[in-house]
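*Asks:* Here's the letter readout for the chains.
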Amino acid sequence: MRIVCLAKLVPDVDNFQYDHERSALIRENVRLLLNPADATAVAIALKLKADSRAGSVHTVTLGPRSAMPHLEDLLRRGVDRATLISDPAYAGSDTHVTSHILAAFLSRCGFDVIFAGTHTLDGGTGHVGPQVAEILGIPHMAGISHMDPESLSEGRAQVRVESEEASYTFALQLPAVLGFAYAPEPKLPFIRYEALKRDLSGRVEVIDNQALGLAPEQVGVLGSLTRVRKIHVKGFRSPNTRFVRPDDEGIERVYRFLREKGFVR
Amino acid sequence: MDKDLLLKEVRALLGDAQVNTDPEALYDASADRYKKYAKARRVLDVPPPAAIVYPRSTEEVARLLSFCNEHGINVIPRAGKTSTEGGLENWKELTLVIDALHLDKILKIDEYNMQATVQAGVPLQKLEDALRERGYTTGHSPQSKPVAKFGGLVATRSIGQFSTLYGGIEDMVVGLECVFPNGQICRIKNVPRRSGGPDIRHIAIGNEGSLCYITEVTVKIYRYFPENNRFYGYLTKDLATGIQVLREVMVNGYRPSVARAYSEEDARQHFYHFHKGKCVLLFMAEGNRHIVDATCKGIEEAVAKFKDGILEQVSSELIENWFNHLNWSQQDIDDEFEGMKEKDSHDGFTTEVSADWETIPKLYDNVIRRIRSEFPRAHDLTLLGGHSSHSYINGTNMYFVYNYEINCAPEDEMRVYHHPIQRIIVEETLKLGGSMCHHHGIGKYRNEWTQQEHGSAYFMLKKLKEAFDPNGIMNFGAIFYQEEGAKFQK
Ligand SMILES: Cc1cc2nc3c(=O)[nH]c(=O)nc-3n(C[C@H](O)[C@H](O)[C@H](O)COP(=O)(O)OP(=O)(O)OC[C@H]3O[C@@H](n4cnc5c(N)ncnc54)[C@H](O)[C@@H]3O)c2cc1C
Numbered sequence: 001m002r003i004v005c006l007a008k009l010v011p012d013v014d015n016f017q018y019d020h021e022r023s024a025l026i027r028e029n030v031r032l033l034l035n036p037a038d039a040t041a042v043a044i045a046l047k048l049k050a051d052s053r054a055g056s057v058h059t060v061t062l063g064p065r066s067a068m069p070h071l072e073d074l075l076r077r078g079v080d081r082a083t084l085i086s087d088p089a090y091a092g093s094d095t096h097v098t099s100h101i102l103a104a105f106l107s108r109c110g111f112d113v114i115f116a117g118t119h120t121l122d123g124g125t126g127h128v129g130p131q132v133a134e135i136l137g138i139p140h141m142a143g144i145s146h147m148d149p150e151s152l153s154e155g156r157a158q159v160r161v162e163s164e165e166a167s168y169t170f171a172l173q174l175p176a177v178l179g180f181a182y183a184p185e186p187k188l189p190f191i192r193y194e195a196l197k198r199d200l201s202g203r204v205e206v207i208d209n210q211a212l213g214l215a216p217e218q219v220g221v222l223g224s225l226t227r228v229r230k231i232h233v234k235g236f237r238s239p240n241t242r243f244v245r246p247d248d249e250g251i252e253r254v255y256r257f258l259r260e261k262g263f264v265r
Numbered sequence: 001m002d003k004d005l006l007l008k009e010v011r012a013l014l015g016d017a018q019v020n021t022d023p024e025a026l027y028d029a030s031a032d033r034y035k036k037y038a039k040a041r042r043v044l045d046v047p048p049p050a051a052i053v054y055p056r057s058t059e060e061v062a063r064l065l066s067f068c069n070e071h072g073i074n075v076i077p078r079a080g081k082t083s084t085e086g087g088l089e090n091w092k093e094l095t096l097v098i099d100a101l102h103l104d105k106i107l108k109i110d111e112y113n114m115q116a117t118v119q120a121g122v123p124l125q126k127l128e129d130a131l132r133e134r135g136y137t138t139g140h141s142p143q144s145k146p147v148a149k150f151g152g153l154v155a156t157r158s159i160g161q162f163s164t165l166y167g168g169i170e171d172m173v174v175g176l177e178c179v180f181p182n183g184q185i186c187r188i189k190n191v192p193r194r195s196g197g198p199d200i201r202h203i204a205i206g207n208e209g210s211l212c213y214i215t216e217v218t219v220k221i222y223r224y225f226p227e228n229n230r231f232y233g234y235l236t237k238d239l240a241t242g243i244q245v246l247r248e249v250m251v252n253g254y255r256p257s258v259a260r261a262y263s264e265e266d267a268r269q270h271f272y273h274f275h276k277g278k279c280v281l282l283f284m285a286e287g288n289r290h291i292v293d294a295t296c297k298g299i300e301e302a303v304a305k306f307k308d309g310i311l312e313q314v315s316s317e318l319i320e321n322w323f324n325h326l327n328w329s330q331q332d333i334d335d336e337f338e339g340m341k342e343k344d345s346h347d348g349f350t351t352e353v354s355a356d357w358e359t360i361p362k363l364y365d366n367v368i369r370r371i372r373s374e375f376p377r378a379h380d381l382t383l384l385g386g387h388s389s390h391s392y393i394n395g396t397n398m399y400f401v402y403n404y405e406i407n408c409a410p411e412d413e414m415r416v417y418h419h420p421i422q423r424i425i426v427e428e429t430l431k432l433g434g435s436m437c438h439h440h441g442i443g444k445y446r447n448e449w450t451q452q453e454h455g456s457a458y459f460m461l462k463k464l465k466e467a468f469d470p471n472g473i474m475n476f477g478a479i480f481y482q483e484e485g486a487k488f489q490k
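Protein chains in written order, with our numbering: chain H, 1 to 265; chain S, 1 to 490.
Honestly, the hints are just simulated from the structure, not real lab data. What you are looking at is a predicted structure, and each value in this text was computed from that prediction instead of being measured. A hint or two may mislead.
[To be verified] Part of the chain H face toward chain S, derived, beta carbon under 10 Å:
#1 D12
#2 R31
#3 L32
#4 L33
#5 S66
#6 P69
#7 S224
#8 F243
#9 D247
[Claimed, not checked] Result set (DSS-like, lysine-lysine): computed pairs, CA atoms no more than 25 Å apart in a straight line:
#10 S:K237 - S:K278
#11 S:K237 - S:K189
#12 S:K343 - H:K187
#13 S:K490 - S:K462
#14 S:K487 - H:K197
#15 S:K189 - S:K220
#16 S:K341 - S:K81
#17 S:K3 - S:K81
#18 S:K462 - H:K187
#19 S:K341 - H:K47
#20 S:K487 - S:K36
#21 S:K341 - H:K187
#22 H:K47 - S:K343
#23 S:K305 - S:K237
#24 S:K36 - S:K343
#25 H:K197 - S:K490
#26 S:K465 - S:K487
#27 S:K276 - H:K230
#28 H:K197 - H:K49
#29 S:K108 - S:K220
Glycine included, C-beta positions come from ideal geometry on N, C-alpha and C.
The following block holds chain H by itself, in its conformation from the complex:
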């Protein structure tokens, strides 16, 4: 069984910097991290491989070159092959174009099943998984919280999806795109000290539009069906700091404040 995982590197949103004078996001030195739900998907794939239920795990990433150290880390964690699709022409691509680019690669790389995270930390639209499935003409399921590993050997994937009201079980015919919800377990395996020195050459490839051959008007801003009109950064107001003493009056004030904000009832 060949598993391909869609793995996106997202900016570390907790440590985002914003230039308040120029009202712009500071993009230099922004730390990247593997999208948490994608990490769950890769971790599940690696677990299947460790349990001899999968033969190979291949990650596919559309993103900037700065993603490279993270992809190398995925290899050190046990992924067999990593592909970075990177081309300046892809800058500004929306989820529709992104799905087409990924599908163009996937349709030629060979897979038995595609794993993905359902949501990303930065965009969060949840579009890419279903769109890729649609383009490839295969089934898709999002928000998967559990997959029965046994079912894979029967050519299908039996998965569980939770909603607020109920827990549903579905079976999908393979090949399919399985979108996993973030879960703290399983975790990605640790990188071992010895693995840091391992030669990774030949296992990570970077491909560009020349290899995929998409027309210029199909990609980037030109090909996108949606536009980002404005980025609105939530928050930063100088907090209205008020100091209170640890006496009855201070406690009462804090209590009233918390009640007003709905933190206590």
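Guided by the hints, dock chain S with the ligand onto chain H, whose structure is given.
*Replies:* Chain S with the ligand only, in chain H's frame:
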């Protein structure tokens, strides 16, 4: 001698109640906060000591030391357990940890002569509380004040947050009592000053348990005027501006108790509510009213002189409030420890160096540049910055702070992350003639550079070890490089 016989002998020497062989306590005693993450994950690679012993008097310490000296048993002196550089880490199979638990008495507070005498196991907070009740202070306030004890504070040459006014522990210690491996008890008397040959207090101060066991300490005390405290805070355009202002204040002869300059990254973690992505400069003036008035004037003049680099002034209330919550209690330390059991992260690491005024900004830039470009795990860094927090007439310190997402196995964390970063900091510091260890001590992981740190004067240091600890029983690996310990370092 084997472990069983050692325990039998030690029990005969002290009695059962003063000998602890509880496995959990021994695991805890096998390492300090240097390997905090591996320790929390229970993957320590160092052996546990044979026992922790709790002497009740200087004489018991002397008996224990001469016994260990005779039988070649490694000794690790221990006080508050806040050691950060491996000072408490054990590298020997046969080790006794001598804990100052019962040496816990404040012996004298002498208000007329402005000095206080305590035993080595007295927590700094305990003396400080007793002094505050009477309107005095020790002036010593490391962030670990609630937990650290006098034996450790003196043995590490610790320094507090108000050092620019009161100095480091070496400026506070008047006299002390210590015990050498052969059982010799030495009392250094308490006089205001003398020229009786070299100042032998410095053989004990900073010895990190590698020469002698400190049992008693007398420190200076100071009148305390909290009502006069004044605070200043500024956002600055860069760290170099902050350091220039610090220098200006210092060279004009002012002694604010606190004088600090933070890089953007470090400011972000400390002053999230007002840093605005800029560097931060702050001061606290303390003491009697006239001195505070003069110090404030000095600070304001220095800030005015460098106004081009000052972006705005911050409410002094914010600075005061921040200071009041800076110390780490035992609860904070325990909380971090509990957190590390579950999460692949901790609260970060620090490496503290010092150099003259001219060198510090260069040193800072070189270190940051090298880490960003050479450290193979730079993409895992979640924090990299620093601050200057202890200034002198001729220079200042740089407290590098860093944290990272831990993506390796817990047992590999030090060699994958901390060591390569620390190595760059130490190398750059020594290259520019600075000191690689401003206040945490050398411990066991920087011992590889002790000789380079001291240069030709290493001769003097080595002779002290040979003279006072000829059998090498005192804190194996602390300060002095040991080939046998290298396996734990790499
Ligand atoms: C949260 C936190 C904040 C800190 N902040 C500061 C700070 O602001 N400034 C600062 O300088 N340090 C700071 N430190 C480091 C640490 O607190 C100091 O090094 C302190 O002096 C150690 O004291 P201790 O009593 O905890 O000693 P321990 O940790 O018990 O021992 C430290 C070293 O001293 C030796 N030793 C202990 N007792 C004796 C003795 N009786 N005789 C001979 N040797 C002995 C030990 O063998 C060891 O090498 C901080 C640590 C933490 C965890």
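*Asks:* Could you run down the list of hints and mark each one as holding or not?
*Replies:* Structure-based check of each hint:
1. D12: Holds, because the Cβ-Cβ distance from D12 of chain H to chain S comes to roughly 8 Å (cut-off 10 Å).
2. R31: Since the shortest Cβ distance to chain S is 7 Å, the answer is holds.
3. L32: It holds, given that the least Cβ distance between L32 of chain H and chain S is near 7 Å, below 10 Å.
4. L33: 7 Å, holds
5. S66: 8 Å, holds
6. P69: 4 Å, holds
7. S224: Because about 29 Å separates S224 of chain H from the closest Cβ in chain S, which is outside the 10 Å limit, the hint is violated.
8. F243: Status holds, d = 6 Å.
9. D247: 16 Å, violated
10. S:K237 - S:K278: 6 Å, holds
11. S:K237 - S:K189: Violated: K237 of chain S and K189 of chain S sit about 49 Å apart, past 25 Å.
12. S:K343 - H:K187: Distance of about 11 Å is within 25 Å: holds.
13. S:K490 - S:K462: 24 Å, holds
14. S:K487 - H:K197: 19 Å, holds
15. S:K189 - S:K220: 13 Å, holds
16. S:K341 - S:K81: 19 Å, holds
17. S:K3 - S:K81: 24 Å, holds
18. S:K462 - H:K187: Roughly 49 Å between the alpha carbons, so the hint for K462 of chain S and K187 of chain H is violated.
19. S:K341 - H:K47: 22 Å, holds
20. S:K487 - S:K36: Holds - the C-alpha atoms of K36 of chain S and K487 of chain S are around 18 Å apart, at most 25 Å.
21. S:K341 - H:K187: Roughly 15 Å separates the two Cα atoms, so the pair holds.
22. H:K47 - S:K343: Holds. K47 of chain H to K343 of chain S sits at ~20 Å (cutoff 25 Å).
23. S:K305 - S:K237: Measuring from Cα to Cα gives roughly 14 Å; hence the hint holds.
24. S:K36 - S:K343: 13 Å, holds
25. H:K197 - S:K490: Since the Cα atoms of K197 of chain H and K490 of chain S sit roughly 15 Å apart, the hinted pair holds (cutoff 25 Å).
26. S:K465 - S:K487: 22 Å, holds
27. S:K276 - H:K230: Roughly 22 Å separates the two Cα atoms, so the pair holds.
28. H:K197 - H:K49: 23 Å, holds
29. S:K108 - S:K220: Judged against 25 Å, a Cα distance of about 12 Å means the pair holds.
In terms of the numbered hints stated before, the structure departs from hints 7, 9, 11 and 18, listed from lowest to highest.
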